[in-house]
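S.K.: The lines below spell out each chain.
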Amino acid sequence: MRKRKACKGSTPIAAAFAVVLVALTVITTYLFVAKTWWFPPAITDVGHEIDAQFMRTLWITGIIFILAQLGLAWVIFRYRGRGRDQRASHFEGNAGMEIAWTIATVTLFVGLGLYGQDAWAKVHYQEAGAGALQIEVTAQQFAWNFRYAGPDGKFGRIKPELVSASTGNPVGLDRTDPDGKDDIVSPIIGVPVSREVELVLRSQDVTHSFFVRELRLKQDAVPGMLIHIHFTANQIGDYEIACAELCGLGHYRMRSLLRVMSQVDYDQWLKETAANQ
Amino acid sequence: MASHAEVVHVHVHTAPTGFIRKYVFSVDHKVIGIQYYLLALFSVFLGMSLSLLMRIHLVWPALHLPFTPGGQMTPEQYLALLTMHGTIMVFMVLTTAPQSGFGNYFLPIQIGAEDMAFPVLNMLSFWTTFVSLLVMVAAFFVSGGAPIGGWTSYPPLSALGEIVGPGQGAGQTLWIVGLAIFCAASLLGAINFITTTIDLRCKGMTLMRMPLTVWAWLITAVLGLLAFGVLLAACALLLLDRSLGTSFFVPGGLVVTDQVITWHKGGSPILWQHLFWFFGHPEVYIAILPGMGVASHLLSTFSRKPIFGYRAMVYAMLSIGFLGFTVWGHHMFISGMSPYSAFAFSLLTMSIGVPSAIKTFNWLGTLWGGQIRFTTSMLFALGFVSLFVSGGLSGLFLAQPAIDLYLHDTYYVVAHFHLIMGVAAIFGIFAATYFWFPKMFGRFLNERIGKVHFWLTFIGVYSIFMPMHFLGIAGHPRRYADLTGVQYLNGLIPVQRFISIAAFITIGSQLLFLFNFLWSLWGGKKATEMNPWEATTLAWSIPSPPPFDNFAGHIPTVYRGPYEFAVPGARQDYVPQQLTPAEVATGEVSSGPTVKA
Chain A
1 MRKRKACKGS
11 TPIAAAFAVV
21 LVALTVITTY
31 LFVAKTWWFP
41 PAITDVGHEI
51 DAQFMRTLWI
61 TGIIFILAQL
71 GLAWVIFRYR
81 GRGRDQRASH
91 FEGNAGMEIA
101 WTIATVTLFV
111 GLGLYGQDAW
121 AKVHYQEAGA
131 GALQIEVTAQ
141 QFAWNFRYAG
151 PDGKFGRIKP
161 ELVSASTGNP
171 VGLDRTDPDG
181 KDDIVSPIIG
191 VPVSREVELV
201 LRSQDVTHSF
211 FVRELRLKQD
221 AVPGMLIHIH
231 FTANQIGDYE
241 IACAELCGLG
251 HYRMRSLLRV
261 MSQVDYDQWL
271 KETAANQ
Chain B
1001 MASHAEVVHV
1011 HVHTAPTGFI
1021 RKYVFSVDHK
1031 VIGIQYYLLA
1041 LFSVFLGMSL
1051 SLLMRIHLVW
1061 PALHLPFTPG
1071 GQMTPEQYLA
1081 LLTMHGTIMV
1091 FMVLTTAPQS
1101 GFGNYFLPIQ
1111 IGAEDMAFPV
1121 LNMLSFWTTF
1131 VSLLVMVAAF
1141 FVSGGAPIGG
1151 WTSYPPLSAL
1161 GEIVGPGQGA
1171 GQTLWIVGLA
1181 IFCAASLLGA
1191 INFITTTIDL
1201 RCKGMTLMRM
1211 PLTVWAWLIT
1221 AVLGLLAFGV
1231 LLAACALLLL
1241 DRSLGTSFFV
1251 PGGLVVTDQV
1261 ITWHKGGSPI
1271 LWQHLFWFFG
1281 HPEVYIAILP
1291 GMGVASHLLS
1301 TFSRKPIFGY
1311 RAMVYAMLSI
1321 GFLGFTVWGH
1331 HMFISGMSPY
1341 SAFAFSLLTM
1351 SIGVPSAIKT
1361 FNWLGTLWGG
1371 QIRFTTSMLF
1381 ALGFVSLFVS
1391 GGLSGLFLAQ
1401 PAIDLYLHDT
1411 YYVVAHFHLI
1421 MGVAAIFGIF
1431 AATYFWFPKM
1441 FGRFLNERIG
1451 KVHFWLTFIG
1461 VYSIFMPMHF
1471 LGIAGHPRRY
1481 ADLTGVQYLN
1491 GLIPVQRFIS
1501 IAAFITIGSQ
1511 LLFLFNFLWS
1521 LWGGKKATEM
1531 NPWEATTLAW
1541 SIPSPPPFDN
1551 FAGHIPTVYR
1561 GPYEFAVPGA
1571 RQDYVPQQLT
1581 PAEVATGEVS
1591 SGPTVKA
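Read top to bottom, the protein sequences are chains A and B.
When you line the first sequence up against my numbering, it's residues 1 to 277, in that order.
When you line the second sequence up against my numbering, it's residues 1001 to 1597, in that order.
FYI, nobody ran anything at the bench for these hints, they're computed from the structure.
Mixed in with the good hints, there may be bad ones.
Unchecked claim - Here are the simulated SDA-like cross-link-like pairs (lysine to any residue), alpha carbons at most 25 angstroms apart as the crow flies: (1) B:Lys1265 x A:Ile13; (2) B:Lys1022 x B:Thr1246; (3) A:Lys154 x B:Leu1244; (4) A:Lys35 x B:Lys1022; (5) B:Lys1265 x B:Leu1244; (6) A:Lys159 x B:Gly1253; (7) B:Lys1451 x A:Ala16; (8) A:Lys35 x B:Phe1470; (9) A:Lys154 x A:Ala16; (10) B:Lys1265 x A:Arg157; (11) A:Lys181 x A:Ser194; (12) B:Lys1265 x B:Ile1191; (13) B:Lys1451 x A:Arg84; (14) A:Lys159 x B:Thr1246; (15) A:Lys159 x A:Glu136; (16) B:Lys1525 x A:Ile13; (17) A:Lys154 x A:Gly172; (18) B:Lys1022 x B:Gly1491.
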């Protein structure tokens, strides 16, 4: 039988593998701890809850990651071959351990999942309150437009055949409809701080997705559907809106702005925007 | 269940003569396996070239590339590269090499059969797959170019034709047709695999004595049989919407660049997503299960120990296969689907982490107490375990809809699926290649080059995909052709640059593998021994390469399980499956079924 020199010389390669795994673990852990590239601060209460659930998940998966990669490094090094005449231990399994780690894993994973349902429920199971500020969001290739109901509080009719970006009617508003006379259409979305806002998402052409990082909110705008989501922003500032569903060649530049303002500033902004219709 | 006192023989064809019958239109599962493998090898280099161009464009957009006459790459060209990269990698590489490539070659041998149950069907499956690749690649060369809707091809973008974007005309049609042809080929293959495994096992090869690779190929084939039909149907419906004016996926009242779409009404874009992902989720398990089988097989062989918990490994794969059909909605938390169903999909998805975790524990348990031999194939199998852990854990974030609200359609998802599916499965393919190459071609791949290939690739893929998690956490959406649109991406460009450089190096390192592969076919060290790895399964009891009917007319009988290593009292640290008890006791192998090399 052919002499195999791999076994005796296995220390360098086993050590190298272990070192690489340890380095991977250390670097990855450091990057998650240092948060060099991280979430921007959340500006909603539910956003903070989502962040808390993320951290819970990160702790658990982080510990498992470290134990598993270091565990792999250890068995690789500890049980490197010592020579062709050496026998491995012979065991085929351990039913007790199988049962134990199955139960532990189920409990941990399913438990974690159940814990996170609370935040999801707040976002999606509960509708916006009756006093929420309603804003209609229209997505199209490749722009966002936002419609306010105006002083009468009612949205006017929309007709596809009236859509004309070039003549300043991107959403197809029917100005002959009395309800629509005072509607305000804006390329950016302004909201008053600490006021619940209800967005009604729609799309003119293909599927887009409304995404604002600081809100911790993302929702596809699906053609043929009117999708309601709600949020309450509690921090004044400008926040970028990005499209998060591939919608064609301009997908990367389909951006807008969420401007959270004091009530006074918001009223002013709305008045100015209305004047420009 | 047929008893196996009576061995079922496949129709034993005579050895083929002539170049065409031997190497082109062969019905020999071994030749077909190699054909599939070579198709995948071509496709992976094509797929990597596409992603290399993507990575270059993202961080050096001013660079003029050969196929961008007159200027920089346009956004639609980037998206076309992206679409075809994903499609070619998922279908032509990950669904092909592990299952149709290695499965075709080694399934019959590992169960003691002379060929697949339906050899002619097998040949047709390969050539149908080949045609599907041609049709797919043709999309690059038609007017408008390749489609730009991603490998997921969501309507209405994929249904409305060229008015919604370049490439959405003829290119998108060819893509759909190519994919439909691929589905048909896969269904035929699945039927072959299942029938072969159930009916053609040799005497003594009970289900619980099958190598874990065979279990993996069997479960994968069942997934394929149930899932590819749905994708085929979805493709058909999409083609109808595009060409016959139906509206399965397109609602009414749409306006595209001020033009009202009057010829569609009443369809639902979400319907496509349900159909696609009902296929798409089992598809990712189709991509990874064979790799899991190979990892188990190699970890046992090169630790010189039985696999830890063989039965648990089988049940875990069965659970993954079954649960894999129940979780598709986790791709759709944000889609407009009922949020209550998100709750159900979320819990099921968290649950599928359990059998995956069990497999990881058992791989560690296999290594524990072992005498590890660090062949190149073993290095890739060990790397598979590390990558599977990394990729799997990031899934626990995405499985929770509240967290997915943020991470969906960001680079976090790209990191996750590349690690757990793309890279881990590729490592399974590499591990299998370095392990089985000597058996297939009678020569070894060069181990020294192999080890350099391993280290560069292992460090390389982590360098590419670990940073992507942070891009996602910072909110960087995916499928962006350009980083100058959304302003908050500015701070992330240095990370993108690092990733591109890492990709450049890692992709370049694969040329080492290609060189090794091609050179070793004719100049590699000869594999004169039948069993150089001292393995236990039936493949290592026949010559390298095997005779046309695998066992030279003498079908083996199996007396024990597939991982009998370090058996107390045995003379050697391994006991092959086909040795009779007498042969084990005396140490004398009778002239038996195998022909001397």
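S.K.: Kindly indicate which numbered hints from before are broken by the structure, ordering the numbers from low to high.
M.R.: Violated hints (numbers, rising): 1, 2, 3, 4, 9, 11, 12 and 18; every other hint is consistent with the structure.
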